[in-house]
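Student: Once you know that position 63 of the sequence shown is 63 in the working numbering, the rest is easy, because the numbers rise by one and skip nothing.
There may be inaccurate statements among the hints.
Derived Cβ-Cβ restraints for the label pairs, each shown as a range [stated by the list, open to error]:
1. 76 / 202: 12 to 22 Å
2. 263 / 308: 16 to 26 Å
3. 354 / 411: 32 to 42 Å
4. 211 / 47: 30 to 40 Å
5. 295 / 27: 30 to 40 Å
6. 124 / 279: 44 to 54 Å
7. 278 / 374: 51 to 61 Å
8. 288 / 354: 13 to 23 Å
9. 452 / 253: 21 to 31 Å
10. 354 / 243: 49 to 59 Å
Think of the hints as simulated: they come from the structure by calculation, not from any bench. This one's a predicted model, so the numbers in the text were calculated from it and none came from an experiment. Note that CB positions come from ideal geometry on N, CA and C, so glycine has one too.
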Amino acid sequence: MIGHTLGSEYLGEGARQEMLGADKMAEQIASDLHRDPQPVVGVYGRWGTGKTHLLNLLGNKLAEMGFLVACFRAWEYEAEGDLVAALLRVLSDEASYPFNNPNDTAPPQQPFFPDSETVRELTKELITEIADLAPGGGIVRALWRARESERLQPPPVSVETIRHKLERLIKAITGDNDNQRLVVLIDDLDRCAPPNMVRMFEWFKNHLIVGRRVTYVMGLDHRMAARAVAGHYRDYLGGAGSEMLDYGYRYLDKLIERDYEIQPSPDSEKMALERLKNISSSVVGINGIGEWTRRELGKDFPGERYMTRLLERVPALWTPRVMIRVLGTYIMAFQAIKEQAEKERSLLDNDLKPAFPVWLFIISSLHHLFEPNRVESFVRGVGRATALEEGREVTEPENMDGLGYLLGELEENDPRRSLIDELNKRHPPMIPADHVQYLYRVVKEKTPRSLKEKPIL
Numbered sequence: 001m002i003g004h005t006l007g008s009e010y011l012g013e014g015a016r017q018e019m020l021g022a023d024k025m026a027e028q029i030a031s032d033l034h035r036d037p038q039p040v041v042g043v044y045g046r047w048g049t050g051k052t053h054l055l056n057l058l059g060n061k062l063a064e065m066g067f068l069v070a071c072f073r074a075w076e077y078e079a080e081g082d083l084v085a086a087l088l089r090v091l092s093d094e095a096s097y098p099f100n101n102p103n104d105t106a107p108p109q110q111p112f113f114p115d116s117e118t119v120r121e122l123t124k125e126l127i128t129e130i131a132d133l134a135p136g137g138g139i140v141r142a143l144w145r146a147r148e149s150e151r152l153q154p155p156p157v158s159v160e161t162i163r164h165k166l167e168r169l170i171k172a173i174t175g176d177n178d179n180q181r182l183v184v185l186i187d188d189l190d191r192c193a194p195p196n197m198v199r200m201f202e203w204f205k206n207h208l209i210v211g212r213r214v215t216y217v218m219g220l221d222h223r224m225a226a227r228a229v230a231g232h233y234r235d236y237l238g239g240a241g242s243e244m245l246d247y248g249y250r251y252l253d254k255l256i257e258r259d260y261e262i263q264p265s266p267d268s269e270k271m272a273l274e275r276l277k278n279i280s281s282s283v284v285g286i287n288g289i290g291e292w293t294r295r296e297l298g299k300d301f302p303g304e305r306y307m308t309r310l311l312e313r314v315p316a317l318w319t320p321r322v323m324i325r326v327l328g329t330y331i332m333a334f335q336a337i338k339e340q341a342e343k344e345r346s347l348l349d350n351d352l353k354p355a356f357p358v359w360l361f362i363i364s365s366l367h368h369l370f371e372p373n374r375v376e377s378f379v380r381g382v383g384r385a386t387a388l389e390e391g392r393e394v395t396e397p398e399n400m401d402g403l404g405y406l407l408g409e410l411e412e413n414d415p416r417r418s419l420i421d422e423l424n425k426r427h428p429p430m431i432p433a434d435h436v437q438y439l440y441r442v443v444k445e446k447t448p449r450s451l452k453e454k455p456i457l
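Could you build the full structure based on these sequences and the hints that come with them?
Tutor: Written out as structure tokens, the structure reads:
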């Protein structure tokens, strides 16, 4: 079976999702498609913002409204070398319509497609013609077939030919009812190699948009897509980086008639804690990670307000998948420290500084937001800033601009800059260098370790 629901890896269907606005947004998109259908619609969002979850909600709503809804997860077919051929195979397989077949284990009472034979035949013809147009080898195959059939010239494969056959295929899928519409949900196209992504865009532009009976809804990071387009046409454009990127955005604007962009929300902290109850049952009913930490410690801790400030003011943490991973790492590392404390009673009582939780949170955040080299540079830099003097840690960093500078420079529109800015504006309660390195090791290993072990940096 080729098709399946666009799997939401982290987000379920619980009521907690309501707070992120996904259900309301899916309702709006479905209503707009019903009232004013467009050939190509974009659901934009950065990695981990919940595009797949939103497409799942949208698929359910569209099916309830009478739409046929097919699912195409592009990344799964990239190894085949031709995403368009894979898309056509998906459209011709009833297993790719899970929202219209909620109980796909039951034997079918009647054929899913009104004209299944025509669907199969047209799909086969279209895939053959697409192969002839593929870069490298397609023309050779066409000429060889022409020679075998004793024809002097291969039959022409034109835009009109493919569009006409695709129109017939859509009609064979949807039936004679002109009001029956097909919506194709396309996910993970932005995870494909840039040449494959751009070639798919070109097929939409030139071949796949056929009338008002089919709509393609693409969930993708439009920033990555614009870069892929700009890179593909680099030699043609010959301009500066910003000019080429602007061309990429204008290319998408011309292709995608209507777009909706998922905005991250600080409410994702509560959603993440709900999702992480399988890691620790103690998060159930907790309003925030600071409250959870206090309960685990049995007391207040310095730096909780700083932790709360980061959660409220750093949008890079609000991305649902990032929030789940950061809090999941924090909880697992914290539990590893508590487990070690059962062997070393002094670990939490005397050895680790009381402000260690806020540093554990900072390092957990960096671990999932930045590449390892930057995080290690930060940890080393903090070590220099908290150098011990006569057995007493320095309570002010050497660089009075803050600690964010240790993470290096980022592009102006990079959402991680907000974390750097917060670290630069004010620093958390400082702890010794070896404590920072210890916490970094626990974050990476999530395994009980003694503070007395040699630091890894």
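Student: I'd like to know which numbered hints this structure contradicts. Please list them from smallest to largest.
Tutor: Hints 7 and 9 are the ones this structure does not satisfy, whereas the remaining hints hold.
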